[in-house]
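S.K.: This is what each chain is made of:
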Amino acid sequence: MIKKRKIAEAAIPTSSMADIAFLLLLFFLVATVIDVDTGIGLTLPEYVEDLNTVEVPKDRMAAVLINANGDVLLDGKPISVFQIKNNIKPRIISKIDLPKNKKLIVSVKTDRQTRYNTYIQALDQIKQAYFETRDEYSNQNFGRKYNDLPEKDQDIVKEKIPIIISLAEPEKTNK
Amino acid sequence: MKFQKRRANTKQEIPTASMPDIVFMLLLFFMVTTTLRQVDVLVDYKLPEAKAIEKIENKRLISYIWVGKDNRIQINDSIVQLKDVEPLMYAKRQSLPNVIVSLRIDKGTDMGMVTDIQQELRKAYCLRINYSSTIKI
Chain A
8 MIKKRKIAEA AIPTSSMADI AFLLLLFFLV ATVIDVDTGI GLTLPEYVED LNTVEVPKDR
68 MAAVLINANG DVLLDGKPIS VFQIKNNIKP RIISKIDLPK NKKLIVSVKT DRQTRYNTYI
128 QALDQIKQAY FETRDEYSNQ NFGRKYNDLP EKDQDIVKEK IPIIISLAEP EKTNK
Chain B
130 MKFQKRRANT KQEIPTASMP DIVFMLLLFF MVTTTLRQVD VLVDYKLPEA KAIEKIENKR
190 LISYIWVGKD NRIQINDSIV QLKDVEPLMY AKRQSLPNVI VSLRIDKGTD MGMVTDIQQE
250 LRKAYCLRIN YSSTIKI
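Residue numbers (my numbering), protein chains in the order written: chain A, 8 to 182; chain B, 130 to 266.
In isolation and in its complexed conformation, chain A is listed as follows (with noise of 0.2 Å):
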């Protein structure tokens, strides 16, 4: 009797693929940070040497003041660092049917040993002030959030409610 030769089949073994699949995907889902990136931005304005200083009206500025403890002047009245949104607001919302350059300018002034923290808490203040009010006026005259309307119409309401935020210059020290 002639044996029969098994032939061998030439295949790869797959069953295990899943599994080394499964290996690689945990490696990614473990390395992964899907951290967005998310702050407060700002535009500094450009560097000049020796500046001119522009008149602005008083009715036009509102100057938060901070000191080195923390506290908080806003146009000369102390009051709190979370009592800036709500002062602020109404005075933004008087200005949203002036002119273009009528509207209101957010002047933040620190003093050099102030804490960052109660900077950013300030700042973060009037930035919530000018979104709220973007939210309202956008309510009121497109039946939406500022962040749902379509980008056409954010234009017009950037428009309407520019956020102008200035840092006061630093003054001269000697170094």
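Keep in mind the hints are simulated off the structure, nothing from the lab. All figures in this text were calculated on a predicted structure; none of them were measured in a lab. Glycine included, C-beta positions come from ideal geometry on N, C-alpha and C. One or more hints might be untrue.
To be verified - Pairs of lysine-lysine residues, derived as BS3-like cross-links and limited to a Cα-Cα distance of at most 25 Å, are as follows:
1) A:K102 <-> A:K159
2) B:K188 <-> A:K165
3) A:K165 <-> A:K110
4) B:K184 <-> A:K159
5) B:K188 <-> A:K116
6) B:K184 <-> A:K165
7) A:K96 <-> B:K180
8) A:K96 <-> B:K265
9) B:K180 <-> A:K152
10) A:K65 <-> A:K102
11) A:K116 <-> B:K175
12) B:K180 <-> A:K110
13) A:K92 <-> B:K265
14) B:K236 <-> B:K180
15) B:K212 <-> B:K236
16) B:K180 <-> B:K212
17) A:K152 <-> A:K165
18) A:K92 <-> A:K102
19) B:K184 <-> A:K152
20) B:K198 <-> A:K165
21) A:K116 <-> B:K180
22) B:K221 <-> A:K116
23) B:K198 <-> A:K116
24) A:K167 <-> B:K180
25) A:K152 <-> B:K265
26) B:K252 <-> A:K116
27) B:K180 <-> A:K92
28) B:K265 <-> B:K175
29) A:K92 <-> A:K152
30) A:K116 <-> B:K212
31) A:K92 <-> B:K221
32) B:K184 <-> A:K96
33) B:K212 <-> A:K167
34) A:K92 <-> B:K184
35) B:K184 <-> B:K134
36) B:K221 <-> B:K188
37) B:K252 <-> B:K221
As the list claims (entries may be wrong) - Stretch-level coverage of chain B by chain A, calculated; a stretch enters the list once three of its residues show a Cβ under 8 Å from a Cβ in chain A:
38) 147-158
39) 180-191
Once you've looked at the hints, dock chain B against the given chain A.
M.R.: Below, chain B alone, put in the same frame as chain A:
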């Protein structure tokens, strides 16, 4: 008489042949979305919290400056001096004209430090900045 249980002829197994394909698809998704961290952060910092924060849509435009609790400044992979900020950032702006500088500054830092860095950035014409902060609930 022999009773024979009638069994359904259909197989009761979940077909696993396409499992690797599914897993590979997931894998590909994560491979594409992953940005492996290129820099080691050498400074110790804690970001401030804020409510009115925006997302930066374009990650490729971002360049970071870290400032730690001990007032050390880090750009790229190394600790730098304040006077080195301007040339470094100017070089960055030349390779990436509309760069957004994300400032990751510890919340206990003095504002003097922050203003100094801002002045350097203004000199380097990196005008779009972003104070990195985490969301406050």
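S.K.: So, for every hint listed, does it hold in this structure?
M.R.: To see whether the hints hold, each was checked on the structure:
1. A distance of roughly 22 Å separates the Cα atoms of K102 (chain A) and K159 (chain A); the hinted pair therefore holds under the 25 Å criterion.
2. Annotation: proposed proximity of K188 (chain B) to K165 (chain A) holds, straight-line Cα distance about 24 Å (limit 25 Å).
3. In summary, the hint linking K165 (chain A) to K110 (chain A) is supported, as the alpha carbons are separated by about 12 Å, within the 25 Å threshold.
4. Of the supplied pair hints, the one linking K184 (chain B) and K159 (chain A) holds, its CA atoms being roughly 20 Å apart against a limit of 25 Å.
5. Of the supplied pair hints, the one linking K188 (chain B) and K116 (chain A) is violated, its CA atoms being roughly 30 Å apart against a limit of 25 Å.
6. As the CA atoms of K184 (chain B) and K165 (chain A) are separated by approximately 18 Å, the hinted pair is consistent with the 25 Å bound.
7. Of the pairs offered as hints, the one joining K96 (chain A) and K180 (chain B) holds, with about 16 Å between alpha carbons and a cut-off of 25 Å not exceeded.
8. For a cut-off of 25 Å, the pair hint linking K96 (chain A) to K265 (chain B) stands: about 21 Å separates their Cα positions.
9. The hinted pair formed by K180 (chain B) and K152 (chain A) meets the criterion: a straight-line CA distance of about 17 Å does not exceed 25 Å.
10. Proximity of K65 (chain A) to K102 (chain A) is assessed by CA-CA distance (about 14 Å); at most 25 Å being required, the pair is judged to hold.
11. Between K116 (chain A) and K175 (chain B) the CA atoms are separated by roughly 23 Å; this keeps the pair inside 25 Å, and the hint holds.
12. For the given pair, K180 (chain B) sits about 24 Å from K110 (chain A) by alpha-carbon distance, which is consistent with the 25 Å threshold.
13. Our distance criterion of 25 Å between C-alpha atoms is met by K92 (chain A) and K265 (chain B), whose separation comes to about 16 Å.
14. For a cut-off of 25 Å, the pair hint linking K236 (chain B) to K180 (chain B) stands: about 15 Å separates their Cα positions.
15. Distance check on the hinted pair: K212 (chain B) and K236 (chain B) sit about 22 Å apart at the alpha-carbon level, within 25 Å; holds.
16. Between K180 (chain B) and K212 (chain B) the CA atoms are separated by roughly 33 Å; this puts the pair beyond 25 Å, and the hint is violated.
17. The hinted pair formed by K152 (chain A) and K165 (chain A) meets the criterion: a straight-line CA distance of about 13 Å does not exceed 25 Å.
18. For a cut-off of 25 Å, the pair hint linking K92 (chain A) to K102 (chain A) stands: about 16 Å separates their Cα positions.
19. About 17 Å separates the Cα atoms of K184 (chain B) and K152 (chain A), which keeps this hinted pair within 25 Å; it holds.
20. Taking the CA atoms of K198 (chain B) and K165 (chain A), the gap is near 37 Å; set against the 25 Å cutoff, the hint is violated.
21. At most 25 Å may separate the alpha-carbon atoms for a hinted pair to count; K116 (chain A) and K180 (chain B) meet this at roughly 21 Å.
22. Restraint check for K221 (chain B) and K116 (chain A): the C-alpha separation of about 29 Å exceeds 25 Å, so the hint is violated.
23. As the CA atoms of K198 (chain B) and K116 (chain A) are separated by approximately 23 Å, the hinted pair is consistent with the 25 Å bound.
24. The hinted pair formed by K167 (chain A) and K180 (chain B) meets the criterion: a straight-line CA distance of about 23 Å does not exceed 25 Å.
25. About 21 Å separates the Cα atoms of K152 (chain A) and K265 (chain B), which keeps this hinted pair within 25 Å; it holds.
26. Between K252 (chain B) and K116 (chain A), the direct Cα distance comes to roughly 20 Å. Compliance with the 25 Å bound is thereby established for this hinted pair.
27. For the proposed pair K180 (chain B) and K92 (chain A), the alpha carbon gap of about 12 Å is at most 25 Å, so the pair holds.
28. Between K265 (chain B) and K175 (chain B) the CA atoms are separated by roughly 14 Å; this keeps the pair inside 25 Å, and the hint holds.
29. About 19 Å separates the Cα atoms of K92 (chain A) and K152 (chain A), which keeps this hinted pair within 25 Å; it holds.
30. For the hint pairing K116 (chain A) with K212 (chain B), the CA-to-CA distance comes to about 23 Å; that is within 25 Å, so the pair holds.
31. A C-alpha spacing of about 36 Å is found between K92 (chain A) and K221 (chain B), which places the hinted pair above 25 Å, so the restraint is violated.
32. The straight-line distance between the Cα atoms of K184 (chain B) and K96 (chain A) is roughly 23 Å, inside the 25 Å bound, and the hint therefore holds.
33. Taken as a hint, the K212 (chain B) and K167 (chain A) pair is broken in the structure, with Cα atoms around 40 Å apart against an allowance of 25 Å.
34. Between K92 (chain A) and K184 (chain B) the alpha-carbon distance is near 21 Å, which keeps this suggested pair within the 25 Å criterion.
35. The straight-line distance between the Cα atoms of K184 (chain B) and K134 (chain B) is roughly 64 Å, outside the 25 Å bound, and the hint therefore fails.
36. A hinted pair counts as satisfied when its Cα atoms are at most 25 Å apart, and K221 (chain B) with K188 (chain B) qualifies at roughly 15 Å.
37. For the given pair, K252 (chain B) sits about 13 Å from K221 (chain B) by alpha-carbon distance, which is consistent with the 25 Å threshold.
38. Check result for the stretch 147-158 of chain B against chain A: holds, 6 residues qualifying (beta carbon to beta carbon below 8 Å, three or more required).
39. Proximity of the stretch 180-191 of chain B to chain A, defined as three or more residues with a beta carbon under 8 Å from a beta carbon of that chain, is established by the 8 residues found.
Comparing the model with each numbered hint stated earlier shows that hints 5, 16, 20, 22, 31, 33, 35 do not hold.
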